[in-house]
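Residue numbers (the numbering used here), protein chains in the order written: chain A, 9 to 273; chain B, 9 to 273; chain C, 9 to 273; chain D, 9 to 273.
No lab work stands behind these hints, which were simulated from the structure alone.
Virtual Cβ for every residue (Gly too), placed ideally from N, Cα, C.
Hints may contain errors.
[What the hints assert, rightly or not] Quick look at which bits of chain B chain D covers, simulated, 3 or more residues with Cβ under 8 Å:
hint	segment
1	118–132
2	168–181
3	186–199
4	219–225
4 protein chains.
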Amino acid sequence: REAAAGFRALGAEVLEDAPGELPLAKLAAEADLVVAIGGDGTLLSTARRLVGTHVPTLGVNLGKLGFLAEHSADDLRRYLAGDTPTRWRLSPKMMLQVHLEPLHGAALAPAYALNDVIVSQGVMTRLVHIDMDVDGEHASQYRADGLVISTPVGSTAYSLSLGGPILGQGLRAFVVTPSAPHTLTNRPIVLEGTARVGFRVSGPVDELALVVDGQERLELRAGDRFTVCAAPTDFCLIASGRSYFDILRAKLAWGAAPRLNDAAG
Amino acid sequence: REAAAGFRALGAEVLEDAPGELPLAKLAAEADLVVAIGGDGTLLSTARRLVGTHVPTLGVNLGKLGFLAEHSADDLRRYLAGDTPTRWRLSPKMMLQVHLEPLHGAALAPAYALNDVIVSQGVMTRLVHIDMDVDGEHASQYRADGLVISTPVGSTAYSLSLGGPILGQGLRAFVVTPSAPHTLTNRPIVLEGTARVGFRVSGPVDELALVVDGQERLELRAGDRFTVCAAPTDFCLIASGRSYFDILRAKLAWGAAPRLNDAAG
Amino acid sequence: REAAAGFRALGAEVLEDAPGELPLAKLAAEADLVVAIGGDGTLLSTARRLVGTHVPTLGVNLGKLGFLAEHSADDLRRYLAGDTPTRWRLSPKMMLQVHLEPLHGAALAPAYALNDVIVSQGVMTRLVHIDMDVDGEHASQYRADGLVISTPVGSTAYSLSLGGPILGQGLRAFVVTPSAPHTLTNRPIVLEGTARVGFRVSGPVDELALVVDGQERLELRAGDRFTVCAAPTDFCLIASGRSYFDILRAKLAWGAAPRLNDAAG
Amino acid sequence: REAAAGFRALGAEVLEDAPGELPLAKLAAEADLVVAIGGDGTLLSTARRLVGTHVPTLGVNLGKLGFLAEHSADDLRRYLAGDTPTRWRLSPKMMLQVHLEPLHGAALAPAYALNDVIVSQGVMTRLVHIDMDVDGEHASQYRADGLVISTPVGSTAYSLSLGGPILGQGLRAFVVTPSAPHTLTNRPIVLEGTARVGFRVSGPVDELALVVDGQERLELRAGDRFTVCAAPTDFCLIASGRSYFDILRAKLAWGAAPRLNDAAG
Chain A
9 REAAAGFRAL GAEVLEDAPG ELPLAKLAAE ADLVVAIGGD GTLLSTARRL VGTHVPTLGV
69 NLGKLGFLAE HSADDLRRYL AGDTPTRWRL SPKMMLQVHL EPLHGAALAP AYALNDVIVS
129 QGVMTRLVHI DMDVDGEHAS QYRADGLVIS TPVGSTAYSL SLGGPILGQG LRAFVVTPSA
189 PHTLTNRPIV LEGTARVGFR VSGPVDELAL VVDGQERLEL RAGDRFTVCA APTDFCLIAS
249 GRSYFDILRA KLAWGAAPRL NDAAG
Chain B
9 REAAAGFRAL GAEVLEDAPG ELPLAKLAAE ADLVVAIGGD GTLLSTARRL VGTHVPTLGV
69 NLGKLGFLAE HSADDLRRYL AGDTPTRWRL SPKMMLQVHL EPLHGAALAP AYALNDVIVS
129 QGVMTRLVHI DMDVDGEHAS QYRADGLVIS TPVGSTAYSL SLGGPILGQG LRAFVVTPSA
189 PHTLTNRPIV LEGTARVGFR VSGPVDELAL VVDGQERLEL RAGDRFTVCA APTDFCLIAS
249 GRSYFDILRA KLAWGAAPRL NDAAG
Chain C
9 REAAAGFRAL GAEVLEDAPG ELPLAKLAAE ADLVVAIGGD GTLLSTARRL VGTHVPTLGV
69 NLGKLGFLAE HSADDLRRYL AGDTPTRWRL SPKMMLQVHL EPLHGAALAP AYALNDVIVS
129 QGVMTRLVHI DMDVDGEHAS QYRADGLVIS TPVGSTAYSL SLGGPILGQG LRAFVVTPSA
189 PHTLTNRPIV LEGTARVGFR VSGPVDELAL VVDGQERLEL RAGDRFTVCA APTDFCLIAS
249 GRSYFDILRA KLAWGAAPRL NDAAG
Chain D
9 REAAAGFRAL GAEVLEDAPG ELPLAKLAAE ADLVVAIGGD GTLLSTARRL VGTHVPTLGV
69 NLGKLGFLAE HSADDLRRYL AGDTPTRWRL SPKMMLQVHL EPLHGAALAP AYALNDVIVS
129 QGVMTRLVHI DMDVDGEHAS QYRADGLVIS TPVGSTAYSL SLGGPILGQG LRAFVVTPSA
189 PHTLTNRPIV LEGTARVGFR VSGPVDELAL VVDGQERLEL RAGDRFTVCA APTDFCLIAS
249 GRSYFDILRA KLAWGAAPRL NDAAG
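With the rest of the complex left out, here is chain A:
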C-alpha cells in the first residue's frame, strides 16, 4: 500500500501484514517501528501481539479519530515527507495479563489485553458468583451477570457503560466493574497496577467465557480460576501529543453538551 511504498522510498525495510498472520512479537525484536493502520480495533490486536517487545507503534485511523489510532492518513504522509511533529511522544500503556487455570485440565498460556478482560455469559444469563482475592487476600464476592477488568485505556470502553470511572492515562491501575450486580452494594473498585487479582466463578453456569479486548474468547466453567495482573511490558504507543481530555470531549462529549430541564432557576 501507499504507506509501505512511502517507507521504502525512505530506505526502510518494510514488512506488510495485512492478514495479521506474521509472528509480530518475534519480528518486532528487530523492528524500529510498527505502523498499525485501521482503527482502535486494529491497535488492540497489534498491542496484544507485541507483548514482550518495546517497539514503538504508530496508530493510523482510516476513518474517524480513535482513542488509540490518533493519527490520520495525512499525518502519516506528512511524517513520511520528513515532517515529524515535535509534539509526538512515546506514551507507554499498561496492559493486562490474564492467566486462566481451569478446574479440570492444564493452565493455558497467558492472554493479554490492552482494553479489558470480561467475564461474559451467553443469552440465558444467570446470577453467577465470582470470588475475588487481591494479593492473596479475600476481597469480595460479586453476584452479578459478569464483570470487567479494565486498564486505563479500556476505562472509556465497556467498563464506562457499566458505570465505571474514567481512569487518567498516566495511572498504573485497573478497575474492576461488575455487570448487573444483584447485590446493590457492589461498586467499581480501582486497584493498584502492582496487584495480582484472582477470580473464581461458581454457580449454575450455562455458557460463560472470558472475552479479551472484545476479540478473543476463552471458555470458563464453574470452579475455574483466573488471575489478572499487569502484563510484563507496556504497549509503546506513539501519541500525537493531543490532550487526552480533548479526545474524551471529542469522543464522549465528556463535559460537553446535553442539558437537563433546567427551568427552575
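Following the hints, put chains B, C and D in place on chain A, whose structure we already have.
Frame of chain A, contents of chains B, C and D only:
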C-alpha cells in the same frame, strides 16, 4: 406588549401581569386563556398560581424551546392572526401538593409544585434520616443528603441528575429519588399518583428546607413532617402537539449522540 | 402431596401438575383456585400459562419468602384447616405481551411475561442499535448491549440491577432499561401501561434473543421487530396482605443497612 | 485520662489535647507518637493538623470500628501493657492540599484534607459551571450542583454516595466526582496523585463554599479559582494489619448481603 395588543385587537379583554402580582387563581376563574411568556421557569410559577382552576395556559418561550414553554413568539403571532394549528391540544399535567406540619407551630397552607419538591441542605451537609410512609404504611428510611419528589414533568429536571428515571407524560405517578444516599441500596421508587406519602426528617440538621419547583423555600427542622400527594387540579397546558420524545431528544440528546470507545468489535 | 390431600379432604376436586404439563389455561376456566408451590420461578411460569383466565392463584414458597410466593407451607396448612387470614386479598398483576415479527418468516404467537422481556446477547456482545417507537411515534435509539422491558413486579429483578427504578405495585406501567448503554444519556423510562411499544434491532449481531421471564427464549435477528404492550388479562395473585415495602426491605435490604464512611459529621 | 496515665506509667512524656487547641504540627516535630481517641472524625482533624510532620498516629475508636480509627480501647490497653501486635504497620495516607485564590482579595493559606474537598451549595441550589484543568490543560466543564475531590481514604465516603468508585488504599490518586451533573455524560474521573488540578466556578451562585473533610468551610464566589494537589506529606497512620477489604465488607456490606428478586433462574 405586542401580545397584549394582538389579543385586544381581537376584541379580547386582556390583563397584563408583568410583575407577577395579580391574584391569578381568582382572576382565572373568569378567564378563557392564560398566556405565560418567558420560559419554563415562568410556566412553573404560573402553574402554581393557577392551582384550583382549569383555565388553559399557553406557554411562550422568548428564547430556546422549553419542556413546557413549547411555543415560540412566532407561534403566538400566527395564533393571533387566526391561524390556530390543528395539532394544539390540552395536555393536563399532574401537580404535587405538599403540606408541611412543623413539630412546633401550626401547619402551613399547602404549597404546589409542577416540577418537584426537594429536601435540601445548606452548605455543610450532614447525613439526615428521612422516614417515608406510603398511605400510612412505613415504607423506607432514607439516609441521605436529601431527596426529590418529582412529577412526570419534573422527572427530566433535578431527579434525573440524581439518577431518577424519565416518566412518561401520561402517567399519574411521582418518583422519589434520594440525593447522595449513604445506604447504597436506596433507589428511586415510582409511586401511584393516588398515593399519600408522608415524610419525617430526623438527625443532626443544621440548615434544611423544602424547595418547591426550585423557587419557593420552606424551612424544615428535625422532627418536622410533610405530606405529598397529587394537587386537587391539573395544570391545563396547551401543548403544541410536538412529540414528547422529540423534546427529550432535542433537550437531553436522549438516545442520540455520544458514543463510548467502541473499538473492540 | 400433602396439599392435594388437604384440599380433597375438604371435598374439593384437585388436579395435580407436578411436571407442569397440563393445559392450564383451559382447565383454569373451570377452576376456582390454582395453588402454585415452589418459589417465585414457579409463579412466573404459572402466571404465563394462565393468561386469558381470571382464576385466583395462591403462591406457596417451600423455602424463603418470595416476592410472589409470599405464603409459607404453614400458611397453606392453616388455610386448609379453615383459618383464612382476613388480610388475604386479590392483587391483580399487570403482565406484558410480546409479539415478535421476524423480518423473514411468519409472526409468532404472542408470549407473556410477569417479570420482564430482555433483549440479550451471547458471550461476544457487540453494540446493537435498538429503535424504539411508542404508540407509533419514534422515541429513541438505544445503542447498548441489550435492554429490559419490565413490569412493576419485575422492576425489582433484572431491571433494578441495571439501574432501573422500583415501580409501585399499583402502577399500570412498565419500564424500559438499557443494558450497558454506549450513549451515556440513555436512562430508564417509565411508560404508561396502555402504551404499545415497538422495537427494531439493527447492527452487527452475532447471537441475540428475547428472553421472557428468564425462562423462555425467542431468537432475534437483525431487522426483526417486536411489540410490547400489556397482556389482555392480569395475573390474579392472592396476596398475604403483607406490605410490599416490608417485602422490599426483607429482600433487598431496601432502605436498611449498610452505611458509608460517615466519619465527617 | 486512662490512656495518658498508661503512657506516663511507661515513662513517656505525654501531652493531652482534649479541646484540640495545641499547635499540633509544631509539637509533633518532637513527638514519637500521636494517639487520637474518638472516631474517624477525630482522625480527620488530627491528620489535617499534622501536615508537614511524619509522626506516627494511632487511631482509637471509642465506639464502632472506623475506617481510620481501627483500634479499640482494648487494643490500646494491650499496647500499653507491652503487647504490640506484630501485624501493626505504618500505612501512609495521601492527603490533598487545596489552595483557594479568590477573584477579589488575597490567596488564602492552603488547607488540607484526608477525606475530601467538596464544592457545596446552600439550600437553593442552582446549576453552577465548574471548569477543570489538569496540569494546565483544559479538561472539562462540569454543570452540576457541585463536586467532590476525594483521596483513596475518602473514596468510601461522600464520593461513593454520588456514584464514585472505591480506590485501593495503595493508589496515589484522587477521584473527581460531580454531584447531580446536569450533563449526563459527566462521570467520575480518577487522576494521578502527581496531578495539579485547577477549578474555576462560574454561574449565578447564591451561596457556595469549599468544605474540607466535612469540617472546614471556605467561602467561594463566582470567578474564584482553587487548585488541588497532593499534600507535601502523608498522614502516617498506624494500621492494625486488618485487611482493607475486611473493613469494606464490615462497614459497607460491600460484596455481601442484599439480593435482588432472583426468581427467574
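Hint check against the structure, violated hint numbers in rising order: none
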